[in-house]
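Engineer: The listed protein sequences derive, respectively, from chains A, B and C.
Per my numbering, the very first residue in the first sequence carries number 1; after that it's consecutive.
Per my numbering, the very first residue in the second sequence carries number 1; after that it's consecutive.
Per my numbering, the very first residue in the third sequence carries number 1; after that it's consecutive.
The hints are simulated quantities; they were obtained by calculation from the structure and are not laboratory data.
These figures come from a predicted structure and were not determined experimentally.
Yeah, the Cβ is synthetic: ideal placement off N, Cα and C, and Gly gets one too.
It is possible that part of the hints are untrue.
Some chain C residues near chain A, calculated using beta-carbon distances under 7 Å [what the hints assert, rightly or not]:
1. L7
2. T59
3. C83
4. A107
5. L128
6. V136
7. G137
8. V139
With a cut-off of at most 16 Å between alpha-carbon atoms, the simulated EDC-like pairs for lysine to aspartate or glutamate come out as follows [to be verified]:
9. K301/A - E93/B
10. K53/A - E34/A
11. K267/A - E253/A
12. K17/B - E266/A
13. K281/A - E63/A
14. K246/A - E266/A
15. K22/B - E262/A
16. K147/A - E33/C
17. K467/A - D77/C
18. K17/B - E262/A
19. K176/A - E63/A
20. K15/A - E61/A
21. K17/B - D259/A
22. K22/B - E230/A
23. K197/A - E240/A
24. K224/A - E262/A
25. K22/B - E91/A
26. K514/A - E504/A
27. K22/B - E240/A
28. K148/C - D77/C
29. K22/B - E223/A
So, partial list: chain C residues that the calculated Cβ filter (under 10 Å) puts toward chain A [said to hold, decoys possible]:
30. C56
31. E125
32. T153
Chain residues, written in single-letter form:
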Amino acid sequence: MNTKTKKGKSKDSKKIRVALAGNPNVGKSVIFNELTGGRAWVGNWPGTTVEKKVGKAKIGEYEVEVLDLPGIYSLTAYSLDELVARNGIVEEKPDVVIDIANAANFERSLYLTISLLEMGVNIIVALNMIDLAEAQGYKIDAEKLSKLLQVPVIPTIAIKGYGLGKLKEAVTRSLKIRKIPEKIVDYGNLVEIEIQKIEKLIKRDTELSLKYPPRWLAIKLLEKDRDVEEKVKSSPFAEEILKQTKKSREILEKQLKKDLEEYIAEKRYEKALEIARECLKTVKAKPLTLTDMVDFVTTHKVSGIPIMLTMLYIAFKFAFNVAAPLCDLIDWFFGTFLYDLTMSSTLPPLIKSFLGDGIITGIGSILVFLPNIVFLFLFLAFLEDVGYMARAAFVVDKIMHKLGLTGKSIIPMILGFGCNVPAIMATRAIEDKNDREVTALVNPLMSCSARLPVYLIFAGAFFAAYKGTVVLSMYVLGLILAIVMALLFRKTLFRGPSVGFVMELPPYMMPVVKNMLIKTWERSKRFLFKAGTIILIAAILIWILSITGPSGYIGIEALEDPYLLEKSWIGALGHFLEKVFSPMGWDWRAAAALFFGFVAKEVVVAAMAMLYGASGEEMLPSILAGIFTPLTAYAYMAFVLIYVPCLATLASIRGELGIKYALLALIYEILLAYFVALGIVFVGHVLGIS
Amino acid sequence: MIPLAFAREGTQVKVIKINAGKGLSRRLTELGIIPGAILKIVKTQGPGPVIIEVCNSKLLFSPCDSCTLGCSSSYGWRIVLSFGMAMKILVQELM
Amino acid sequence: MKEKTLLISVATGVLGILYFVYAGITLYNWIAETFIQEAGSVNNVLGLFVSSDPGCAITLITVGMLMLGSLYYKLDDAKGVSCIFLGSLLGVALLVIQLLIVIANVASIGVSLLSGEAAEYVLIEDVLRPEIVLGVGSVLLFSFSILKVRQITGK
Numbered sequence: 001m002n003t004k005t006k007k008g009k010s011k012d013s014k015k016i017r018v019a020l021a022g023n024p025n026v027g028k029s030v031i032f033n034e035l036t037g038g039r040a041w042v043g044n045w046p047g048t049t050v051e052k053k054v055g056k057a058k059i060g061e062y063e064v065e066v067l068d069l070p071g072i073y074s075l076t077a078y079s080l081d082e083l084v085a086r087n088g089i090v091e092e093k094p095d096v097v098i099d100i101a102n103a104a105n106f107e108r109s110l111y112l113t114i115s116l117l118e119m120g121v122n123i124i125v126a127l128n129m130i131d132l133a134e135a136q137g138y139k140i141d142a143e144k145l146s147k148l149l150q151v152p153v154i155p156t157i158a159i160k161g162y163g164l165g166k167l168k169e170a171v172t173r174s175l176k177i178r179k180i181p182e183k184i185v186d187y188g189n190l191v192e193i194e195i196q197k198i199e200k201l202i203k204r205d206t207e208l209s210l211k212y213p214p215r216w217l218a219i220k221l222l223e224k225d226r227d228v229e230e231k232v233k234s235s236p237f238a239e240e241i242l243k244q245t246k247k248s249r250e251i252l253e254k255q256l257k258k259d260l261e262e263y264i265a266e267k268r269y270e271k272a273l274e275i276a277r278e279c280l281k282t283v284k285a286k287p288l289t290l291t292d293m294v295d296f297v298t299t300h301k302v303s304g305i306p307i308m309l310t311m312l313y314i315a316f317k318f319a320f321n322v323a324a325p326l327c328d329l330i331d332w333f334f335g336t337f338l339y340d341l342t343m344s345s346t347l348p349p350l351i352k353s354f355l356g357d358g359i360i361t362g363i364g365s366i367l368v369f370l371p372n373i374v375f376l377f378l379f380l381a382f383l384e385d386v387g388y389m390a391r392a393a394f395v396v397d398k399i400m401h402k403l404g405l406t407g408k409s410i411i412p413m414i415l416g417f418g419c420n421v422p423a424i425m426a427t428r429a430i431e432d433k434n435d436r437e438v439t440a441l442v443n444p445l446m447s448c449s450a451r452l453p454v455y456l457i458f459a460g461a462f463f464a465a466y467k468g469t470v471v472l473s474m475y476v477l478g479l480i481l482a483i484v485m486a487l488l489f490r491k492t493l494f495r496g497p498s499v500g501f502v503m504e505l506p507p508y509m510m511p512v513v514k515n516m517l518i519k520t521w522e523r524s525k526r527f528l529f530k531a532g533t534i535i536l537i538a539a540i541l542i543w544i545l546s547i548t549g550p551s552g553y554i555g556i557e558a559l560e561d562p563y564l565l566e567k568s569w570i571g572a573l574g575h576f577l578e579k580v581f582s583p584m585g586w587d588w589r590a591a592a593a594l595f596f597g598f599v600a601k602e603v604v605v606a607a608m609a610m611l612y613g614a615s616g617e618e619m620l621p622s623i624l625a626g627i628f629t630p631l632t633a634y635a636y637m638a639f640v641l642i643y644v645p646c647l648a649t650l651a652s653i654r655g656e657l658g659i660k661y662a663l664l665a666l667i668y669e670i671l672l673a674y675f676v677a678l679g680i681v682f683v684g685h686v687l688g689i690s
Numbered sequence: 001m002i003p004l005a006f007a008r009e010g011t012q013v014k015v016i017k018i019n020a021g022k023g024l025s026r027r028l029t030e031l032g033i034i035p036g037a038i039l040k041i042v043k044t045q046g047p048g049p050v051i052i053e054v055c056n057s058k059l060l061f062s063p064c065d066s067c068t069l070g071c072s073s074s075y076g077w078r079i080v081l082s083f084g085m086a087m088k089i090l091v092q093e094l095m
Numbered sequence: 001m002k003e004k005t006l007l008i009s010v011a012t013g014v015l016g017i018l019y020f021v022y023a024g025i026t027l028y029n030w031i032a033e034t035f036i037q038e039a040g041s042v043n044n045v046l047g048l049f050v051s052s053d054p055g056c057a058i059t060l061i062t063v064g065m066l067m068l069g070s071l072y073y074k075l076d077d078a079k080g081v082s083c084i085f086l087g088s089l090l091g092v093a094l095l096v097i098q099l100l101i102v103i104a105n106v107a108s109i110g111v112s113l114l115s116g117e118a119a120e121y122v123l124i125e126d127v128l129r130p131e132i133v134l135g136v137g138s139v140l141l142f143s144f145s146i147l148k149v150r151q152i153t154g155k
């Protein structure tokens with residue numbers, strides 16, 4: 001291979017940028033955290049929903065900005081992740097790219113390495129997970145690899161911190177001297193001739209040639225790469241280049257008797273295999289691994305699903321029972337301690353009420369769930385990092401398909417029991433567009449933790465002995481409806497066979513606690529800030545709407561006095577809705593409470609307490625017993641389960657899928673909720689229950 | 001020549017043809033599933049997803065002689081393919 | 001060596017059956033408490049502290065299933081060891097979770113004391129549950145299975 005050597009840029013003049021590239025699951029985030037200490041700014045790549053993670057690190061004497069690119073297998077323009085990563089390199093021009101290769105899956109990683117080299121990137125290869133490779137019985141000759149690729153290769157075990165010092169040294173060296181191999185893959189005489197032809201034309205455009213390596217452009221054009229075609233179109237020589245490309249493609253497809261793109265990709269892969277063969281040494285025959293043994297059981301026809309259910313059970317026990325004291329503590333802190341403190345202070349009554357009934361109650365109602373959500377996400381992060389989640393998805397896939405979903409839908413479904421907001425974001429992992437959209441649309445039917453207070457109050461008031469079962473029935477109802485709607489959607493609006501998925505089963509590994517915590521924190525943060533701000537605004541809004549009315553300012557006494565409250569905006573709203581809900585027998589207060597549930601479902605209970613004049617939520621059950629009957633109460637619970645995703649969830653759906661889908665979710669859920677509640681009351685009457 | 005989906009568990013197969021569209025073929029290529037690649041069927045349960053291990057490609061070795069049911073001298077991790085995908089990959093059983 | 005394995009096999013079999021038995025009791029309790037108005041749980045009758053949580057029953061069945069499965073595949077075979085390894089691991093996990101729940105319940109009492117409420121907690125009920133009692137057996141089997149796994153994977 002020929003190499004060009006360039007002098008590096010002066011380190012004082014510009015910001016130094018290092019990008020991390022690699023396959024998914026190779027330990028990229030571990031290395032990112034090691035370099036930056038876990039401090040990252042998370043945003044989006046402009047115009048996309050793909051996450052962009054940037055951090056700061058000190059490498060040698062340089063202050064460096066570290067850019068974490070999405071995990072990718074190659075650099076085509078087919079997948080959004082790959083395109084984003086590619087453009088991230090080509091447009092942002094990092095000074096060094098650390099290509100993190102997986103020693104335990106060598107050829108596959110090499111494919112990306114070769115693609116990067118073809119792109120003319122200044123790379124260092126971090127050969128990670130060499131311990132796993134050794135455990136599987138083979139060693140990689142890093143020096144030989146370095147010689148073949150003509151770039152530095154550093155063996156690392158990121159989780160243990162091994163090799164990171166040498167990695168940083170290699171980065172500093174590469175910043176001073178760039179080495180870019182010229183021709184890495186020989187595509188065979190026929191293709192090489194055509195590449196030369198196109199390259200010659202491209203080189204005429206000096207600006208284009210400086211911006212992108214001409215050979216890379218030529219190869220990509222032959223691969224019909226849309227993104228590269230766009231880049232070339234802006235060149236003054238575009239027409240000639242594209243015409244030659246077309247001619248070359250025709251010649252080659254006739255001569256090769258094969259699809260040109262496939263041929264090029266295969267040749268690239270063959271090169272990866274060739275290099276792999278030269279550097280790989282089998283040390284001993286691979287013995288049976290722990291992963292093999294555990295997988296025998298976790299993917300077994302008989303035990304696979306029970307194990308999954310057991311994990312699910314443990315997840316919920318952990319998230320709800322073990323986190324309970326923390327929830328109680330927060331509830332006490334806000335509901336009793338701070339509230340009493342505010343109310344007994346000497347501030348003017350209006351301010352006191354604003355702080356106490358508005359803000360403190362509002363914040364408290366959000367934070368009371370935080371322990372549940374954090375614990376659930378923590379356990380899920382553990383299952384993901386250990387590697388079990390992929391097996392779970394495999395095990396449920398067949399069933400999920402019958403239900404109109406896919407195996408990968410299981411993760412958003414489980415997350416949805418904590419909070420629908422991060423659950424909807426988790427649907428990104430689903431490849432098939434239809435599957436992804438349906439999973440996101442039915443997700444709000446998974447009872448999030450915010451609905452639990454409503455269930456508990458009603459179940460406690462009307463079904464005391466059977467409280468647990470009734471609450472369970474709500475969850476089950478949600479699940480059944482989710483399945484029904486998924487099937488319905490799949491047969492009507494989202495028709496089409498599933499594109500199918502490909503999923504890696506990584507070896508089981510001891511999870512790194514730091515990474516688990518970071519992942520949990522990032523997900524919980526989303527809930528906290530997205531949901532939190534909205535709920536806080538809602539609480540304040542309710543407060544305002546309670547103390548003012550069509551006739552003007554009523555006063556904070558309205559919060560204590562239901563008669564005064566009736567005259568407020570809330571009362572007006574409730575009366576209006578009462579007519580709509582009359583067949584279900586819900587009075588104006590229940591209807592008004594539902595309205596606030598639209599913003600955030602946990603607000604329903606607080607709103608009811610206020611509307612029914614209960615001085616505390618403990619009084620509510622006795623008051624409710626006088627207004628609802630068990631039947632209407634059950635219908636009400638079902639309505640709360642189904643109607644409308646909370647505002648934060650709607651915002652997430654809009655963010656992930658677009659406003660059309662958010663509206664669809666809104667409409668179908670309201671209709672479904674109304675008819676199910678109606679149905680419950682109707683059936684109850686028919687059966688003679690009242 | 002049969003679809004991968006119908007290959008028996010525990011056997012080794014050689015990929016002959018891939019009937020997928022551009023995007024899918026590419027994804028498979030990146031994972032090492034190309035014509036000539038040798039795969040081991042780790043788990044398959046009737047119509048449903050298949051777990052395979054990518055053993056070697058035509059360039060590296062011939063089907064590994066010591067590769068019996070207990071063999072896992074693969075250079076890759078395991079991969080799950082959905083039923084639909086497994087139907088599009090045509091293979092030849094080797095042993 | 002052979003006798004040791006035989007002994008362990010018997011222990012595994014007994015423990016596995018016990019897990020199934022307790023799962024059955026749990027299910028009975030659930031059905032009795034939920035659907036039949038008059039009948040209560042059998043706990044008082046049998047002097048046991050078994051929950052009526054159907055989810056719990058599923059987990060107990062899973063552990064029992066794996067333990068008996070390890071006998072089906074024979075404990076000297078890798079498949080059998082896989083079963084006992086994961087089965088006992090899950091048994092230990094259930095034990096740990098139940099202990100955590102006990103700690104959490106105690107903590108909750110502490111919190112309610114803060115707000116001046118009196119609260120009662122019958123500790124023994126939550127401790128003498130099958131998850132814990134049988135879980136002890138699981139811990140022992142787990143340590144055995146780790147040795148076996150090391151043997152097989154050559155670590």
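Engineer: Between K281/A and E63/A, does the CA-CA distance stay at or below 16 Å?
Structural biologist: This hinted pair is violated, its Cα atoms lying about 38 Å apart.
Engineer: Is it true that the CA of K267/A sits at most 16 Å from the CA of E253/A?
Structural biologist: holds, 15 Å
Engineer: Given the hint that K301/A pairs with E93/B, does the C-alpha gap stay at or below 16 Å?
Structural biologist: Violated - the C-alpha atoms of E93/B and K301/A are around 23 Å apart, more than 16 Å.
Engineer: For K514/A and E504/A, compute the direct alpha-carbon distance and say whether it is at most 16 Å.
Structural biologist: Distance of about 23 Å is beyond 16 Å: violated.
Engineer: Does A107/C hold up as a contact with chain A if the rule is Cβ-Cβ below 7 Å?
Structural biologist: holds, 4 Å
Engineer: Hint E125/C vs chain A: min CB-CB distance below 10 Å?
Structural biologist: Because about 14 Å separates E125/C from the closest Cβ in chain A, which is outside the 10 Å limit, the hint is violated.
Engineer: For K148/C and D77/C, compute the direct alpha-carbon distance and say whether it is at most 16 Å.
Structural biologist: Distance ~10 Å between K148/C and D77/C Cα, so the pair holds.
Engineer: May I ask you to test the interface hint for V139/C with respect to chain A, counting a Cβ-Cβ separation under 7 Å as satisfied?
Structural biologist: With a minimum Cβ separation of about 17 Å from chain A (threshold 7 Å), the hint on V139/C is violated.
Engineer: Just to be careful, I want the Cα atoms of K17/B and E262/A compared with a cutoff of 16 Å; is the pair within it?
Structural biologist: holds, 12 Å
Engineer: Do the alpha carbons of K22/B and E262/A lie within 16 Å of each other, as the hint requires?
Structural biologist: Since the Cα atoms of K22/B and E262/A sit roughly 8 Å apart, the hinted pair holds (cutoff 16 Å).
Engineer: Hint validation: L7/C versus chain A, beta carbon distance must be below 7 Å. Holds or violated?
Structural biologist: violated, 22 Å
Engineer: Please work out if K176/A and E63/A have their alpha carbons no farther apart than 16 Å.
Structural biologist: holds, 14 Å
The structure shown violates the earlier hints numbered 1, 5, 6, 7, 8, 9, 13, 14, 16, 17, 22, 25, 26, 27 and 31.
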